[in-house]
Amino acid sequence: MKKQAYIIGKALSCTLGNNKDTITKEINKLNQDNYLSFLEDKFKEKAFYSIPESYDCQKDKFFGILRNILDEAVKDAKLSIEDKKDLHIFIGSTSMGISIDEQTNKEFYEKKHLDELSHIGYGYIGTFIEEYLQSKYKATIFSTACTSSTNALAYASKLIQNNKIKKAIVIGVELFNKSTFDGFSSLMLLSQNKVYRPFDEKSDGIILGEACSAVILDSKKNKDTDFRYVSSSNVCDNYSETTSNPTGEAIFNCMHNSIKNAKFTLDDIDLIKAHATGSENNNSSEAKAINLLFDKYKTSTDVTALKPYLGHTLGACGTNEIVFLLYCIDKGFLPATLGFLKSEQELKFLPLEKHKKINHSSTILFNFVAFGGNNSSIILSNKS
Amino acid sequence: MYIHHTYSISNEKQNTNENIKVYKSLLKEISKINLRRSSKFNILAVLGALKCMKEKTYSDNMGIYLASEYGSITSVKNVLEQVSQDSIVMPFDFLNINSNNVSFYVSQALESKGKNMVLTSHDLSFEKALELALFDLEIDEVKDALIGNVDESLDGINNFNKYISNVEKKPSKDLSAWIYINKQKDDSLAKIETFSAFTNINELNELLKNTSFELAVLNQYATKQINDLQINKDLVFSHDNVHGSVNIISMLNSDKKSFIYLAMDINNKGYLVKFTK
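Chains A and B, in that order, are what the protein sequence lines are.
So the first sequence is numbered by our numbering: it starts at 36 and just counts up by one.
So the second sequence is numbered by our numbering: it starts at 1165 and just counts up by one.
Keep in mind the hints are simulated off the structure, nothing from the lab.
Watch out, some of these pointers could steer you wrong.
Simulated pairs of lysine to any residue, SDA-like, Cα-Cα distance not exceeding 20 Å [said to hold, decoys possible]:
#: 1; chain 1: A; residue 1: LYS171; chain 2: B; residue 2: SER1360
#: 2; chain 1: A; residue 1: LYS141; chain 2: B; residue 2: SER1360
#: 3; chain 1: A; residue 1: LYS38; chain 2: A; residue 2: LYS295
#: 4; chain 1: A; residue 1: LYS60; chain 2: A; residue 2: LYS295
#: 5; chain 1: A; residue 1: LYS146; chain 2: B; residue 2: LYS1241
#: 6; chain 1: A; residue 1: LYS391; chain 2: A; residue 2: LYS295
#: 7; chain 1: B; residue 1: LYS1333; chain 2: A; residue 2: HIS154
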C-alpha cells in the first residue's frame, strides 16, 4: 500500500526575508499600486532580487545561507538528532556553487589565490549537506535547469510513497553569480524595463533573483494542516534548447498528466501557480497551455505567479516558490500576480489581481518549465 | 531488470582523451544532428548514446538518466575566465554550461519522447542514476531506461587531482559509457539481480555475507578499504578505470555467470549491485 509524503518542515531565505513571518508581512504590504516603488527601491544597484544579508566572501555566503536553511527546516519539522541522520538528501540547482568558483578564479588571475578553481563538479555540495546533517545517506543532485528542485521534490515524494525511504530533505539553492547574470543578458532574455510583468502586454523579460529553501518530507504528518504530495508529471520535449514549444502543448500535457495522475479534475485544483518567467516565449506558451487546460476541463481556476516577489531563482524556483506559497496559505491568503494589468493575447484566465483570502486548506498545481525542454508539474494539497 | 545494450567509448578508442574534432567527426558518421557550437561534453554524450542505441528499438517512454561527476567543466572554465577578465559571456558558451542541455541533445538525437535527467552524486553519480532509473522502471514511470556516464578528461586543467577524488592518481580519460535496461528477459545480456544501498562497512559486510558471485569489481574507495571487506580477494577483477559504468560493461564481457559491482564513497556509503548471466 502506498504511503503519503507530507511536508512537515520548510524554510526559505529570499529577498523578502528569511522566515515565514517576515516574508508574509512583506508580501501583505505589496499591491499593484506600490509594486513599482518596491522594485525601484530593490533595484537601485541592479535589476536583481538579492538576499539582503552581506557576507565576506562567496564561500561564506553559499555555506552560511545553506546552513541557516538546513537548521530552520530541521527546527520547523521538529526533528531530533536521530531523525536528521535518517534524512535522504535531494538537491536542485542550476548554477550550484559557481559563485565560489568565480571568486576563486578572479583571485587567481589577480594573483591572490594559488588555485584557478575552488572545485571541479558539484558533488561536494551534497557531501557538505550529508556531513552537516550527519545523514546516513548519499545526496542526489538534480541538474535539470529551472525544474531541478521540483524534480528533486517529486522523486523524494515518490520514494516515500513507495516505501523506499522514510524521510527526506529537498533543497533548492540559487545564488547570484555573474556567469548566469551575464549569460541571460547575452541571450537577451533580461527585462530592460526592470519590471516583472507575468502574462502582461508590457512584459519584456526575466528578472533574476537569489534564494535558498528546503522542505522536509515524512511519511507521517506533524499537524493537520501539513501539505502532502499528491502527484507530479515530468514531460520533456525536444522542440528547442531554450524555448518551449510555442503551441503550449508540452506544458499543457505536463499539467494535464499531473491532474490525471492525481485522479483529479480541474475542479479539485484551487490554484495554478504558473511558472511565468516573463520571457516572451514562456508568457505565450504557458498562457496557451493554461487556456488548453481550461478548455479540456470546461472550467477554470485561479492562477497566480510568484516571480514578481522573488525574481526567477532558476533551478531552486521549485522549492522556493512552493515554500513561499505554503507560507502564504499558512497565513490565510493567496498572493496576487503583481505587475499584471492587461494581457497581450487572449487569456481564458485572469491572474489574481489582489491577494485572496482563503481558509488554511488548499490544493495547488505548481507548474515549472526549464531550458532543455524539461517541464514539471506537481500537485500538493492539505485538504482531507 | 535486464541489461540489453551497452557502449563505452573506452572500448572503441585506445587514446580516450581526444580533441573535440575527433568526436565530432565520429558523430557525423552516424547522425545528422547539428552540434556545431556545442561542447565536447555534449558531443561525447550524444555520440555514446547513439552508438549504444544504434539500430536498436526502444519505447516511446524511455527515460534518459545522465550521470556526470564534473559536468561541462571545460565550458565552465571558459566562462569563469570570461567573467574573471570582465569579458562578455558569449551565448553559446553560456548554453554549454547549462548542464541539462546535454540530456536535451541526447533526447533530441534519439528522438526520444520520455523524461531526461542530469544527476550528480559525489563519486557515485552513475550508481545514483542507475538507482533512480531502476526505481522509475519499478513503478512503471518509464518503460525502459538509458543510463549514461559522461565526463570529459580533466587533462586541460592544471593539477586536476587537487580537486577530485582520484585515490590511485589514475589518468583522466574522456568517458561516455551507456547501459540500456528494461523488464524484458528475452535477448538480454545480463540481469540486475539486486541493487542494495549501504551506509557503512558493517552493513556492506552483511550484504556481502549473503551474496554469492564468481567475480567482483570494486571502485576506488572499495579497493582502498579491501582489507576491511568480507570478500574473497581472489575473485576481485583488477582494472585500471575509476568509472563504475565502464567496469560493469567490462564484467558483462567476461565468461562468468554471476558478478558484483561494489562502489563506495569517502565516507563508506555506497551500493552493491549483483548481476547474473
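(Q) Run the distance test for LYS146 of chain A versus LYS1241 of chain B: straight-line Cα separation, threshold 20 Å. (A) holds (17 Å)
Q. Between LYS60 of chain A and LYS295 of chain A, is the straight-line Cα distance small enough, at 20 Å or below?
A. violated (36 Å)
Q: Decide if the proposed pair is consistent with the structure: LYS1333 of chain B and HIS154 of chain A, CA atoms, cutoff 20 Å inclusive.
A: The given pair, whose Cα atoms are some 17 Å apart, holds under the 20 Å limit.
Q | Agreement of LYS171 of chain A and SER1360 of chain B with the hint, judged by alpha carbon distance not exceeding 20 Å | A | holds (14 Å)
Q) Is the hinted pair LYS38 of chain A and LYS295 of chain A satisfied, with a Cα-Cα distance of at most 20 Å? A) holds (19 Å)
Q) Taking only the CA atoms, is the gap from LYS141 of chain A to SER1360 of chain B under or equal to 20 Å? A) Not OK: LYS141 of chain A and SER1360 of chain B at ~43 Å, beyond 20 Å, violated.
Q) Would the pair LYS391 of chain A and LYS295 of chain A pass a check requiring their Cα atoms to be no farther apart than 20 Å? A) Measuring from Cα to Cα gives roughly 27 Å; hence the hint is violated.
Going down the numbered hints, you'll see the structure goes against 2, 4 and 6, while the others check out.
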